[in-house]
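With these hints in hand, go ahead and build the complete structure from the sequences.
These protein sequences, in sequence, are chains A and B.
For the first sequence, the positions run 1 to 283 when full-length UniProt numbering is used.
For the second sequence, the positions run 1 to 256 when full-length UniProt numbering is used.
Derived from the structure by calculation, the hints contain no laboratory data.
One thing to keep in mind: the hints can contain errors.
Calculated Cβ distances over 12 Å to all of chain A for the following chain B residues [claimed, not checked]:
id, residue
1, Pro3
2, Tyr74
3, Asp144
4, Leu188
5, Glu230
Derived contacts from chain B toward chain A, CB cut-off under 10 Å, selection only [unchecked claim]:
id, residue
6, Asn109
7, Glu112
8, Ala119
9, Tyr122
The beta-carbon is built from N, C-alpha and C at its ideal position, and this holds for glycine as well.
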Amino acid sequence: MNTSQGYNFAYLDEQTKRMIRRAILKAVAIPGYQVPFGSREMPLPYGWGTGGIQVTAGIIGPDDILKVIDQGADDTTNAVSIRRFFARTAGIRTTSRTEEATIIQTRHRIPETPLSAGQTIVYQVPTPEPLRWLEPRETETRKMHALADYGIMHVKLYEDIARFGRISTTYDYPVLVDDRYLMRPSPIPKFDNPKMHRNPALQLFGAGREKRIYAVPPWTSVRSLDFEDHPFEVQKWSQACALCGSTESFLDEVVTDDKGGRMFVCSDTDYCQRRRDAKEAAE
Amino acid sequence: MSPLLQVSGLTRLYGDRVGCKDVGFELWPGEVMGIVGESGSGKTTLLNCLSARLEPTSGTVAYDTREEGLTDIYAMGEPRRRMLMRTDWGIVHQNPRDGLRMGVSAGANVGERLMAVGARHYGRIRAQAAEWLEQVEIDTGRIDDLPLTFSGGMLQRLQIARNLVTHPRLVFMDEPTGGLDVSVQARLLDLLRRLVTDLGLAAIVVTHDLAVARLLAHRLMVMQGGEVVETGLTDQVLDDPHHPYTQLLVSSVLQP
Numbered sequence: 001m002n003t004s005q006g007y008n009f010a011y012l013d014e015q016t017k018r019m020i021r022r023a024i025l026k027a028v029a030i031p032g033y034q035v036p037f038g039s040r041e042m043p044l045p046y047g048w049g050t051g052g053i054q055v056t057a058g059i060i061g062p063d064d065i066l067k068v069i070d071q072g073a074d075d076t077t078n079a080v081s082i083r084r085f086f087a088r089t090a091g092i093r094t095t096s097r098t099e100e101a102t103i104i105q106t107r108h109r110i111p112e113t114p115l116s117a118g119q120t121i122v123y124q125v126p127t128p129e130p131l132r133w134l135e136p137r138e139t140e141t142r143k144m145h146a147l148a149d150y151g152i153m154h155v156k157l158y159e160d161i162a163r164f165g166r167i168s169t170t171y172d173y174p175v176l177v178d179d180r181y182l183m184r185p186s187p188i189p190k191f192d193n194p195k196m197h198r199n200p201a202l203q204l205f206g207a208g209r210e211k212r213i214y215a216v217p218p219w220t221s222v223r224s225l226d227f228e229d230h231p232f233e234v235q236k237w238s239q240a241c242a243l244c245g246s247t248e249s250f251l252d253e254v255v256t257d258d259k260g261g262r263m264f265v266c267s268d269t270d271y272c273q274r275r276r277d278a279k280e281a282a283e
Numbered sequence: 001m002s003p004l005l006q007v008s009g010l011t012r013l014y015g016d017r018v019g020c021k022d023v024g025f026e027l028w029p030g031e032v033m034g035i036v037g038e039s040g041s042g043k044t045t046l047l048n049c050l051s052a053r054l055e056p057t058s059g060t061v062a063y064d065t066r067e068e069g070l071t072d073i074y075a076m077g078e079p080r081r082r083m084l085m086r087t088d089w090g091i092v093h094q095n096p097r098d099g100l101r102m103g104v105s106a107g108a109n110v111g112e113r114l115m116a117v118g119a120r121h122y123g124r125i126r127a128q129a130a131e132w133l134e135q136v137e138i139d140t141g142r143i144d145d146l147p148l149t150f151s152g153g154m155l156q157r158l159q160i161a162r163n164l165v166t167h168p169r170l171v172f173m174d175e176p177t178g179g180l181d182v183s184v185q186a187r188l189l190d191l192l193r194r195l196v197t198d199l200g201l202a203a204i205v206v207t208h209d210l211a212v213a214r215l216l217a218h219r220l221m222v223m224q225g226g227e228v229v230e231t232g233l234t235d236q237v238l239d240d241p242h243h244p245y246t247q248l249l250v251s252s253v254l255q256p
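Dropping the structure here:
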């Protein structure tokens, strides 16, 4: 693909990228702490990944290989357009293979293929503040973070159990980073929460509308909140992926007709496709 | 033995206007002190200053902490002050909606303080919540109901349970019976009296209702225009008022 003319490398001007990198450095130094930054207007609407795209633009270099996923898929509108955006404005290589990528920008999933040291995963975050729906005042939530005053988060989990008999929060499940800051892991399913714990890759989070950047450095502890008698659990499925037969991946339910027909398939398209390819090659 | 709360020279100004002026007293463990006076006499300002919610312009409020004895509450750091407010103290608001989380169930409301101080066992938190609901005469079958579905009297009792769950030593109450009808008031007063005696609580009760003060308080402080005009044992103040304002206040009570 050819590079578009008239843009700085990776769209943003150098001063802005420098500002974003400073915010990232601070975020990495204080795991889980939300660093404010001067979020710019990007050529895509808020909610489509303006935070993630700015973080990616801030860290990307000419040698990087970019993978972008949306709900685990490489071929959805959002993923395709962000990948093309960077291919055009930075002229970098893109890929859909998880282990090949140096930067993975994601919305709603962490790839099934384990990440390795040296990789960076960039999350698109709609609402960075974990206490937002419990405490509407920003001044108060900041104070709660400063004092590590997080009891109220357990009130929400208590309420879940009292109503549904179990913790019914299934995505954006609150975590405690490095045993200090409460963090919203962006709307990934809680199935992916254990993958964040002591992950060798650098994890960066960007919220464009809310103008916040936060980070989990490699090998940092990320603990999901729970009760002693209601421990944290991830989702389980009674069947395997209908396409690749995996029993270990996160499955999406796909409605196939209007007569109640449905199938469960991997949400990570790269993982699923490669398992199918491997099976075919073996036969 | 040292006083639980030691207040001296407490003044709070709102610009040129006086909220409360030069208030000083000592509160001893297990003692219930009433603050009475007309509307605008500075009762609530004083209570807010005492309960660490409103920084005074001058003067000190020292509280007998479990670790270090008498400590100025405005000189200690915010984390410790918050800890104090949710463990050793209780604050009962006049309007229970100010003191409760209306969006979560009664059980969660009572359990919140426990979770804030580190309780992480759902079963035990729930058991304690149920026990406290029983203490304040709320049917334990309503533990999962939202406070929105409770009556005014039940809300006030729920608020009291929520405050007492961490076994505080000092409770601040701002018009605890305001806005309740008389029969509910009587029940609430009975309950408060029983809890205060059983648990050995010290309390500061702000009220404009002299009957409430007579029932609950051991000692009274009468305020007018931000200043304390008379103090003494409740019966003494109400039966033999000395200050002209107190005489007016006592004689203004309607007899049915």
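Hints, one by one, checked against the model:
At roughly 29 Å, the least C-beta separation between Pro3/B and chain A is larger than 12 Å, which holds for a residue marked as non-interface. The beta carbon of Tyr74/B is kept farther than 12 Å from every beta carbon of chain A, the shortest such distance being approximately 17 Å. At roughly 5 Å from the closest C-beta of chain A, the C-beta of Asp144/B falls inside 12 Å, breaking its exclusion from the interface. Residue placement check: Leu188/B keeps its beta carbon more than 12 Å from all beta carbons of chain A (closest about 26 Å).
No beta-carbon of chain A comes within 12 Å of the beta-carbon of Glu230/B; the shortest separation is about 39 Å. For Asn109/B, the shortest C-beta to C-beta distance to chain A is roughly 8 Å, which falls under 10 Å, so the interface hint holds. Taking 10 Å as the C-beta cut-off, the interface hint given for Glu112/B holds, the closest approach to chain A being about 5 Å. Taking 10 Å as the C-beta cut-off, the interface hint given for Ala119/B holds, the closest approach to chain A being about 8 Å.
Here the hint on Tyr122/B is kept, as its CB sits about 4 Å from the closest CB of chain A, short of 10 Å.
Of the numbered hints listed earlier, the single one contradicted by the structure is hint 3.
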